[in-house]
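Listed in order, the protein sequences are those of chains A and B.
Okay, so the first sequence: first residue is 1 according to this note's numbering, each after it adds one.
Okay, so the second sequence: first residue is 1001 according to this note's numbering, each after it adds one.
Careful, some of the hints might be misleading.
To be verified - Pairs of lysine to aspartate or glutamate, EDC-like flavour, derived with a Cα cap of 16 Å:
{"no.": "1", "chain 1": "A", "residue 1": "Lys-53", "chain 2": "A", "residue 2": "Asp-29"}
{"no.": "2", "chain 1": "A", "residue 1": "Lys-185", "chain 2": "A", "residue 2": "Glu-291"}
{"no.": "3", "chain 1": "A", "residue 1": "Lys-116", "chain 2": "A", "residue 2": "Glu-291"}
{"no.": "4", "chain 1": "A", "residue 1": "Lys-116", "chain 2": "A", "residue 2": "Glu-292"}
{"no.": "5", "chain 1": "A", "residue 1": "Lys-116", "chain 2": "A", "residue 2": "Asp-106"}
{"no.": "6", "chain 1": "B", "residue 1": "Lys-1031", "chain 2": "A", "residue 2": "Asp-106"}
{"no.": "7", "chain 1": "A", "residue 1": "Lys-84", "chain 2": "A", "residue 2": "Glu-99"}
{"no.": "8", "chain 1": "B", "residue 1": "Lys-1031", "chain 2": "A", "residue 2": "Glu-99"}
{"no.": "9", "chain 1": "A", "residue 1": "Lys-185", "chain 2": "A", "residue 2": "Asp-195"}
{"no.": "10", "chain 1": "A", "residue 1": "Lys-84", "chain 2": "B", "residue 2": "Asp-1035"}
{"no.": "11", "chain 1": "A", "residue 1": "Lys-209", "chain 2": "A", "residue 2": "Asp-195"}
{"no.": "12", "chain 1": "B", "residue 1": "Lys-1031", "chain 2": "A", "residue 2": "Glu-103"}
What the hints assert, rightly or not - Cβ pair distances, simulated, as ranges:
{"no.": "13", "chain 1": "A", "residue 1": "Lys-84", "chain 2": "B", "residue 2": "Ala-1046", "range": "26 to 36 Å"}
{"no.": "14", "chain 1": "A", "residue 1": "Thr-150", "chain 2": "B", "residue 2": "Phe-1016", "range": "26 to 36 Å"}
{"no.": "15", "chain 1": "A", "residue 1": "Thr-150", "chain 2": "B", "residue 2": "Gly-1043", "range": "52 to 62 Å"}
{"no.": "16", "chain 1": "B", "residue 1": "Phe-1016", "chain 2": "A", "residue 2": "Val-215", "range": "35 to 45 Å"}
Please keep in mind that the hints were generated in silico from the structure rather than gathered at the bench.
Note that CB positions come from ideal geometry on N, CA and C, so glycine has one too.
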Amino acid sequence: MANTATEYIQHHLQNLTYGQLPAGYQRVDAYGHPQGVLTEPTWTFALTPAEAKEMGFWAIHVDSMLWSVFLGFVFVLLFRFVAKNATAGVPGKLQNVIESIVEFVDTSVRESFHGKNPLIAPLALTIFVWIFFMNLMDLIPVDWIPGLATLAGIPYMKIVPSTDPNITMSMSISVFFLMLFFWIKVKGVSGLFSDLALHPFSSKNPLGKVILIPVNLLLETVSLLAKPVSLGLRLFGNMYAGELIFILIAMIGWAQLPLHFGWAVLHILVITLQAYIFMTLTIVYLSSVHEEH
Amino acid sequence: MNLNATLIGQSIAFMFFVWFCMKYVWPPLTKALSDRQQKIADGLAAADKAEKDLAQANDKVAELLKEARAEAQGIIELANKRANQIVDEAKEQARAEGDRLKVAAAAEIEQDANRAREALRTQVASLAIAGAERILGERLDEAANSKLVDDLAAEL
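Starting from the given sequences, assemble the full structure and let the hints guide the process.
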């Protein structure tokens, strides 16, 4: 399948994309063989990165979606199973593990979030565990599942959803919208405006205040918009880089075994840390819109 | 690295999982945790109380023991006193009885001796008269002489 190192890496970094190709598109498969010209717009799986690009915005990364939803269900079903059987008496081993995660998240929320909002803690738990599970897929050897998929005739299979910027950005944007929602809910539109327009520079003089409004608006809006972007790209960047190094290590023959082991051990730290950072920043961002300046 | 509709799909999935977690996962787990916390707190409080009760009971036991010991001591003393008294009484009784017996025996002895003396005296008188009759070869006027002999016998 992969003839050169470049093709190997490209293959591993390409999502399985389902979308519409326009009429008159000349299809070419991954080996460069022409597959004919489309006579009408067609919904199909992309055979090459170029095709995936051609599909534009209204295409979907089937592998990212499937894996992330699958891992989400692993999370909710596992936790739901434990929650349903949870006793206040002596907990079993599984309940112990789940409870320590819940307590860990609960402590983090209590430390950073001082308002009252029943959404924050479950949100933080979902983010932490789900992202941890998605990152955990990085520890599965890079060729196993894509290899199986190739045998099954599926051209691409990227199993780590958090190396897909769509996944990380959609989560950070969702957090951003939650932020805006609670901002308006707690302080109203005028509160949102005054938070954005009257800080960080303020003046006692009313005229000075008015003059400073555009400056403050510019600064605050930029820093506000930077939040979801940095939140999503941080996770994506870390996981993408980690994945890339796994792929590079996988190309160096037998010597890869100790290197793989070393990088995987280091990566256990990275995936936990990234999940934790994403959760903590979410809590901090949501906490900032609940608090008065 | 294309941004595409996966953004929307993942956002929907994210909301669903957060909602599910908020509705069905978080409340029972935190409830179990706080219930357990309550249970442990109750247990610790009960243990504290039991410890206090035990100390109190121990104090009470010591006190009761002290009382019982004192009482027993009193009883023993009383018993000893009573025993001594009984022994003394018995001794006294025995002594009195002994004295009585001695007196009675002495009286009897006296009586016996008097009787024997009387009998002896009588016999002596008769012997003396018989002896004198023999010596004198005649019969003496017993009545006349008996006074003499009696006086003699009384001198014996």
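Status of the hints after comparison with the structure:
A threshold of 16 Å between alpha carbons decides the hint, and for Lys-53 of chain A with Asp-29 of chain A the separation of about 14 Å falls inside it, so the pair holds. For the given pair, Lys-185 of chain A sits about 12 Å from Glu-291 of chain A by alpha-carbon distance, which is consistent with the 16 Å threshold. Our distance criterion of 16 Å between C-alpha atoms is met by Lys-116 of chain A and Glu-291 of chain A, whose separation comes to about 11 Å. The suggested pairing of Lys-116 of chain A with Glu-292 of chain A holds, with an alpha-carbon distance near 14 Å, which does not exceed 16 Å.
Between the alpha carbons of Lys-116 of chain A and Asp-106 of chain A the distance comes to roughly 13 Å, so the proposed pair stays at or under 16 Å and holds. Proposed proximity of Lys-1031 of chain B and Asp-106 of chain A is supported: the alpha carbons are some 13 Å apart, at most 16 Å. Distance restraint check for Lys-84 of chain A and Glu-99 of chain A: the Cα-Cα separation of roughly 13 Å lies within the 16 Å cut-off, and the hinted pair is therefore satisfied. At roughly 11 Å between alpha-carbon atoms, Lys-1031 of chain B and Glu-99 of chain A fall within 16 Å of each other, so this suggested pair holds.
Our distance criterion of 16 Å between C-alpha atoms is met by Lys-185 of chain A and Asp-195 of chain A, whose separation comes to about 14 Å. The suggested pairing of Lys-84 of chain A with Asp-1035 of chain B holds, with an alpha-carbon distance near 15 Å, which does not exceed 16 Å. As the CA atoms of Lys-209 of chain A and Asp-195 of chain A are separated by approximately 13 Å, the hinted pair is consistent with the 16 Å bound. For a cut-off of 16 Å, the pair hint linking Lys-1031 of chain B to Glu-103 of chain A stands: about 12 Å separates their Cα positions.
For Lys-84 of chain A and Ala-1046 of chain B, the hinted distance range of 26 to 36 Å is satisfied, since their beta carbons lie about 30 Å from each other. At about 31 Å, the CB distance of Thr-150 of chain A to Phe-1016 of chain B agrees with the hint of 26 to 36 Å. Remark: the range hint 52 to 62 Å for Thr-150 of chain A to Gly-1043 of chain B is upheld by a beta-carbon distance near 59 Å. Here the CB-CB span from Phe-1016 of chain B to Val-215 of chain A is close to 41 Å, well matched to the stated 35 to 45 Å.
The earlier numbered hints are all upheld by this structure, with none contradicted.
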